[in-house]
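Chains as they are written, first to last, in the numbering used here: chain X, 6 to 330; chain L, 439 to 761; chain P, 12 to 303.
The set of hints was computed from the structure by calculation and includes no laboratory data. Even glycine gets a Cβ: it sits at the ideal position worked out from N, Cα and C. Errors might be hidden in some of the hints.
Claimed, not checked - Coverage of chain X stretches by chain L, computed from C-beta distances (three or more under 8 Å per stretch; other residues unrestricted):
1) 89-97
2) 168-175
Claimed, not checked - A short, non-exhaustive set of chain P residues, derived as facing chain L with CB atoms under 10 Å:
3) A52
4) I139
5) A145
6) A234
7) F241
What follows is each chain in one-letter form.
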Amino acid sequence: MTAPLLEVTDLATHFHTRAGVVKAVDGVSFSLRKGEVMGLVGESGSGKSVTGFSLLGLIDPPGRIASGSVRLGGQELVGMPGAHLRKLRGKRMAMVFQDPATTLNPVIAIGAQMRMALEAHGVTGTEQTRERSVQVLTRVGIPDAARRLEAYPHEFSGGMRQRVAIAIALLHNPELLIADEPTTALDVSIQAQILAEMKSLVAELGMALIWISHDLATVSSLADRIAVMYAGRIVEAGPTAAVLRNPRHHYTQGLLDSLPARAEPGHDLVQIPGTTPSLLSLPPGCAFAPRCPRADAACGVMPELLTEGARQHRCWHPLGLEVAA
Amino acid sequence: MLGHVIERVAQALLVMLVMSMLVFTGVYAIGNPIDVLIGPDVSQQMRLDTIRAYGLDRPLWEQYVTFLTRILQGDFGRSFVFGLPVLDLILSRLPATLELTLMAVCGAALIGVPAGIYAGYRPDGVLAKVIMAVSILGFSVPTFWIGLVLIMTFAVELQWLPAGGRGETATLLGVQWSFLTANGLSHLLLPALNLAFFKLALLTRLARAGTREVMLTDTVKFARAAGLSEWTVLRRHVLRLIAIPIVTVFGLEFASTLAFAVVTETIFSWPGIGKLIIDSIQSLDRPVMVAYLMLVAFVFITINFLVDLTYLALDPRLRKARA
Amino acid sequence: MKPASPLSRFWAEFRESKVAFVALAIVVALVGVALAAPLIAPQNPYALADLVLMDARRPPGYVGSGGFTHILGTDAQGRDLFSAILYGLRISLQMGLIAGFIAFVVGVSLGLGAAYMGGRREAFIMRIIDLQLAFPAILLALVLSALLGQGKAQLITALVAAQYAYFARTAHGAAAAERGKDYVEAALSTPLPGWKVVFRHILPNCLPPLIVVATVQVANAIALEATLSFLGVGLPVTEPSLGALIANGFQYMLSGRYWISIYPGVALIVLIVAINLVGDQIRDQVNPRLKR
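With the rest of the complex left out, here is chain X (with noise of 0.2 Å):
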């Protein structure tokens, strides 16, 4: 087996609010091959998102990565100077956002835009960076890229300035991409187009993807496996299939359930009760405890993440595996 080509161990990400001390991330373990998806799924305000920008050392204050290990191909990541860093972002690790109208530039034309990108790793020249840009943006599936790059960001639609963006990101074909919640501003067609654009952009680069979502549905169409976070935590991860069969944690059978593609015609969705717990007063024990169904005494202690082959999981009372009493 090679050695994988990102490796995350006890990452913890903190913020020194006004208010306290919250611990968005806190004590994240994952790794990942070359050519692998993983789907990262949570609640807004999992930790996710934070997850994803401490990979790239983009973390602003009053945040910090507190502790931990981020290694891209045995490189550790965490306390390298910044001027380092930053000669890895976009180069060998890049990252698509959210939200393609707010992530380029509204008054710079996109070939500038893109040009900045290439001269920040050394391509330079009209020509070169003409070529290159072109050639991405005809990849990505922007029809007429050579026109087109005198063109302003308002002037393409949603779908198309995201597939932009994500040119952007694939200017210097980097070894992985973190994509956070890059079809969700999206209309449902769009997103579709998107996912499959991807799909065949990881078989064809061979880059490794962290799909950042909220929504299980469309990382399990994608993903070779899945972490599901909650409260800056990992709770349960394992390949896509055995997770979405065979959920362990009582939190992802309730994501679960609550996919419409799941409810009963006519029947009303169903909700995980209660709402995602402020990060500043969490419970000492499991941080899911006060919405879990299955919750008792035990849980007031945190579980232990548990292996068992190529799964995990973070629960006292784990589902499908529950000992007899």
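Position chains L and P against the provided structure of chain X, taking the given hints into account.
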């Protein structure tokens, strides 16, 4: 595009018309101009003759129409005090004010915008705090007081720079300019600094506020994620995004700089239109006051128009919407 | 644990900024000193008969014919500068506060009224106000006070004319934003008269930005009054404000008699900067976009 320009020109003309009415009624309807024209000891007959000669016995609207027709022919009347045509008087003083104002505004922009971007980029740094403290001073301390302190320090105590006057001038395009000679430049420096202080503070604060907001946007995060250096992010992305409010204020402030030149020119005995207007206000020289106010309004409207055109260059979204 | 009221939470956050806290203390102290001027001042600077010309333009520390020490020296008329500053502070504050208050009332009424009326009348009022805002306030005040003549009432008129538009625009902006919200629609559908809805529901929600503008505008009014007096179109010399005191000393400055201008100036600057610092802190606390 052309339609938009024509519409704006029409709007500008309308605003000028409204301004002329306000200025005319404001200056002529309040108080009695006749008391300035003639002494209190002249005969009643002479008084009536003067009133008739100046058309002051006519109804106000009729006076206004006469006034407007004359202005359209380029005749702003004669100064009560100097006895010269007002237009000639103002034009002869204009270059001194123009070079002072331009130097102040450009200097303020060249220093203020970078300082503000820095303070917005590192809001918790020591240098940022120093920049903001200085800008609060510049923002709140009245211009005349800064002028006094500058004279006290650089002219009286250190004796590095002259305290007033224009110094030697050189001729360019038939007009006398101070900035062309070393001596003139030394005379220009303190008043320009004085006049620049407020704009400097204003632009610094604007640039800081804009930068703070832009730095939190996804645009900046995405640019960083693509590996752009911080310098490139600031210079290429942030500067472009904060440019629009800065250009707006920069333009508007140019007109108010003309107004604040009144104070600076008084303190530094700078022979520009500001000094002229303060003298004419003190002697209630109405034709000069009216012409000056119309000039400021004209400058203001022209600049607004130019600012509007600059928007089109700065924001591609508007180009499409207004095409 | 009892829930803190919004006001006490605001105060707690305000106190966290040492600079703003010190600035507020200075403002309070200066207002106190100005109110108590007749009690503290060693001399009544308006009693022209008491002035001795021999004592004129003496440096700080000079013991005058009145028998007491002029700790800040004397001015060109032989006035004790310390006393003159206390009284000047009183006048400057008085002008700033009165003008600020009237401008607030006039501006807010216009702004809210325009937002409430809507349609063409709103557009017309706001166009005029925008036009005026674009025109430099100092010129307006300068020309008005020159035409109206010297005196407190005339000066206040000029200051109000130069400043009400800022309040009008702020009030209108905030009210227009509130008007579209559901709770206003709900209140308007009740039998309450429209103006009551404006005062009970819309005005309170517009107050935070208005308070910020008010703080800044009082400081501006004081600075503007000082500038006008410095230029000689403000208050008569018999009752000098800080600005007039500075102007009186200006001509002696080049000959090294710095104190006549400098000390009133320092008092003026400390007052204005302190008010602005307080306003700055309030602005930062009111702006939700900078909240973390």
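Okay, the hints, checked on the actual structure:
With 6 residues having a beta carbon nearer than 8 Å to a beta carbon of chain L, the region 89-97 of chain X meets the requirement of three or more and the stated coverage holds. Counting residues of the region 168-175 of chain X whose CB lies closer than 8 Å to any CB of chain L gives 3, so the stated coverage by that chain holds, three being the minimum. For P/A52, the shortest C-beta to C-beta distance to chain L is roughly 23 Å, which exceeds 10 Å, and the interface hint is violated. Because the closest C-beta pair between P/I139 and chain L is about 9 Å apart, less than 10 Å, the hint holds.
The beta carbon of P/A145 comes within 6 Å of a beta carbon in chain L, closer than 10 Å, and the hint placing it at the interface holds. Interface hint status for P/A234: upheld, as the beta-carbon distance to the closest one in chain L is roughly 4 Å, under 10 Å. With a cut of 10 Å, the hint placing P/F241 at the interface with chain L holds, because the nearest CB-to-CB distance is about 5 Å.
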